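J.: One-letter residues, chain by chain:
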Amino acid sequence: MGAASLDTYVHRESVIHRWSPRLKLVSLVALMFAFATVRQLSLVPWMLGLAATLYGLSGLPVAFLRQRLSYPGLFILGLVVVLPLTVGDTVLGQWGWLTLRQEGLMATLLIVGRFLSILTLGFILLGTTPFLTLLNAMRSLGLPTILADMTLLSYRYLFEIAAMLATMQQAMRLRGFGQRRQRWLRVNGQIMQQLAMLAGNLLIRSYEQSDRVYKAMRLRGYGYGGKVVVGQSAAAQPGTLSWVLAAAVLTAAVSLVIAEGLLRL
Amino acid sequence: MHIPDGILPAQVCAAGYAITGLATWYSLRQINRKPDPTAEIPKASLLTAAFFVASSIYIPVPPASVHLILNGLLGVVLGYFAFPAILIGLFFQALVIGHGGITTLGVNAAMMGIPALLAYHIFQSRNTVGKMLKEPTRTGVFSFLGGALGLGISALIFLGLIIFNIPAELDAGAERAAVLTLSIGHIPLAIIEGMFTTMLVLFLRRVKPELLEG
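Sequence lines, in order, name chains A and B.
First residue of the first sequence: 57, per the numbering used here; consecutive thereafter.
First residue of the second sequence: 2, per the numbering used here; consecutive thereafter.
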């Protein structure tokens, strides 16, 4: 699990890092939604330019973006290959049975543009804000207590449970699991049963651990009211820089939506 | 089976958030009706983390492998906690591995969470609808239905959303044919998911039956 790299750059010093978490969350999510409204290809360069400017301001290395784009990029790669060859009536070129179509190509450029821009904003948000601070910002914006507590506890035990699974899988391999050859395109019932028991054991261990965790939490006062604050407080008063950044980003978001509406007319 | 950012128009993303908001409100209301909801939070949280980790288990089908979604199983085990658990799991996936997206979080949560709630109700109905069956067949049949339908309905919603929201003019016949073909392609996956859910639920029934009390 590549989460260790998530918090690697959150302690850097840049204007985006110093931006108040609450204002940053609201502004960047608003801009993401504004990007999602774009349907005109002529707005895609503007969108990419805005995302690149904010990424530049954040001071995050390009390697961070490249590394995190690789996984979701696979789905988009599928669309890039399929859409220009299958969708639309206007033929741009033909090579044997392969036909490049204009409508499909335009749809692909639009999807890829939106995907890259929104994802870059997401990485700016997550790459410049510690997870717990982000959660506090969400809580101060009205995230229900049950959801906030569940998110915190799941995050706390996620890596421990992942390590538990890795140990169990290693133990299975040491005892010969996965050594037998399987027939192609066949599901081996015995292997499936063993994997179901592996997942079942993981659930049971987590369940038993949750009982101990709950008792420890009760001993420390959980469930008796009182506000729990973890990470950097998100409720701190935002400075002028934060308001200026928020105003600039929200103006850009509204401008994009208006431009989209005008171009569609 | 997550929709990434950039594929869906903003209206669909906003509708997804609205549906997810409604489903979360409904689930939290049901949870708050329990005698001691705080006691359930650590259990649901650790199981959420465990489900998130368990979804990385692959079933080998040479020359490839099948990735499990486990939303039906989540519904069967967690009951009304399944929807918040899926929302949190998807939030982590968007955060940790960049799988899914932030604008599409609402759509993805509704797409996987509502079938999970449905799976919970299917599994719970084993004691009413399935009274004529004997144990453990009853638990096995209803867990299979929960697991298979959980994935099957999610896959249908996923395919519909992708095909009907491609920003180019596909003719209606082609759209229908694509949805039908891809849906048929997902039937074996739903069967595998149902079988896996059955095996796991029967294992839990033998070893830790209180986990199935929902």
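Hints were generated in silico from the structure; no laboratory data involved.
Honestly, I wouldn't trust all of these hints.
To be verified - Below are the BS3-like pairs computed for lysine-lysine, each with C-alpha atoms no more than 25 Å apart in a straight line: (1) Lys209(B) x Lys35(B); (2) Lys209(B) x Lys271(A); (3) Lys271(A) x Lys35(B); (4) Lys209(B) x Lys135(B); (5) Lys135(B) x Lys35(B).
As the list claims (entries may be wrong) - Pair ranges (Cβ atoms, derived): (6) His122(B) x Thr155(A): 44 to 54 Å; (7) Arg229(A) x Ile192(B): 33 to 43 Å; (8) Tyr59(B) x His67(A): 31 to 41 Å; (9) Ala40(B) x Ala219(A): 23 to 33 Å; (10) Arg261(A) x Ala40(B): 47 to 57 Å; (11) Ser184(B) x Arg236(A): 28 to 38 Å; (12) Lys135(B) x Thr64(A): 29 to 39 Å; (13) Arg268(A) x Ile164(B): 46 to 56 Å; (14) Trp153(A) x Lys135(B): 23 to 33 Å; (15) Val85(A) x Phe165(B): 17 to 27 Å.
For clarity, every value in this text was computed on a predicted model and none was experimentally measured.
We put the beta carbon where it would ideally sit given N, CA and C, even for glycine.
J.: For each hint, tell me whether it holds in the structure or not.
T.: Against the structure, the hints:
The straight-line distance between the Cα atoms of Lys209(B) and Lys35(B) is roughly 21 Å, inside the 25 Å bound, and the hint therefore holds. Distance hint between Lys209(B) and Lys271(A) is fulfilled; the C-alpha atoms sit about 20 Å from each other, no more than 25 Å. For the hint pairing Lys271(A) with Lys35(B), the CA-to-CA distance comes to about 19 Å; that is within 25 Å, so the pair holds. Taken as a hint, the Lys209(B) and Lys135(B) pair is honoured in the structure, with Cα atoms around 20 Å apart against an allowance of 25 Å.
The straight-line distance between the Cα atoms of Lys135(B) and Lys35(B) is roughly 30 Å, outside the 25 Å bound, and the hint therefore fails. At about 47 Å, the CB distance of His122(B) to Thr155(A) agrees with the hint of 44 to 54 Å. Roughly 27 Å separates the CB atoms of Arg229(A) and Ile192(B), a value that falls outside the hinted 33 to 43 Å. Distance hint for Tyr59(B) and His67(A): a CB-CB separation of about 35 Å, consistent with the stated range 31 to 41 Å.
At roughly 26 Å, the beta carbons of Ala40(B) and Ala219(A) sit within the given window of 23 to 33 Å. Between Arg261(A) and Ala40(B) the beta carbon distance is about 19 Å. The supplied range of 47 to 57 Å is therefore violated. The beta-carbon spacing between Ser184(B) and Arg236(A), approximately 33 Å, falls within the hinted interval of 28 to 38 Å. For Lys135(B) and Thr64(A), the Cβ-Cβ distance of about 56 Å falls outside the hinted range of 29 to 39 Å, so the restraint is violated.
For Arg268(A) and Ile164(B), the Cβ-Cβ distance of about 47 Å falls inside the hinted range of 46 to 56 Å, so the restraint holds. In this structure the supplied range 23 to 33 Å is violated for Trp153(A) paired with Lys135(B), their Cβ-Cβ distance being about 57 Å. The hint said 17 to 27 Å for the Cβ distance between Val85(A) and Phe165(B), and at roughly 25 Å that hint holds.
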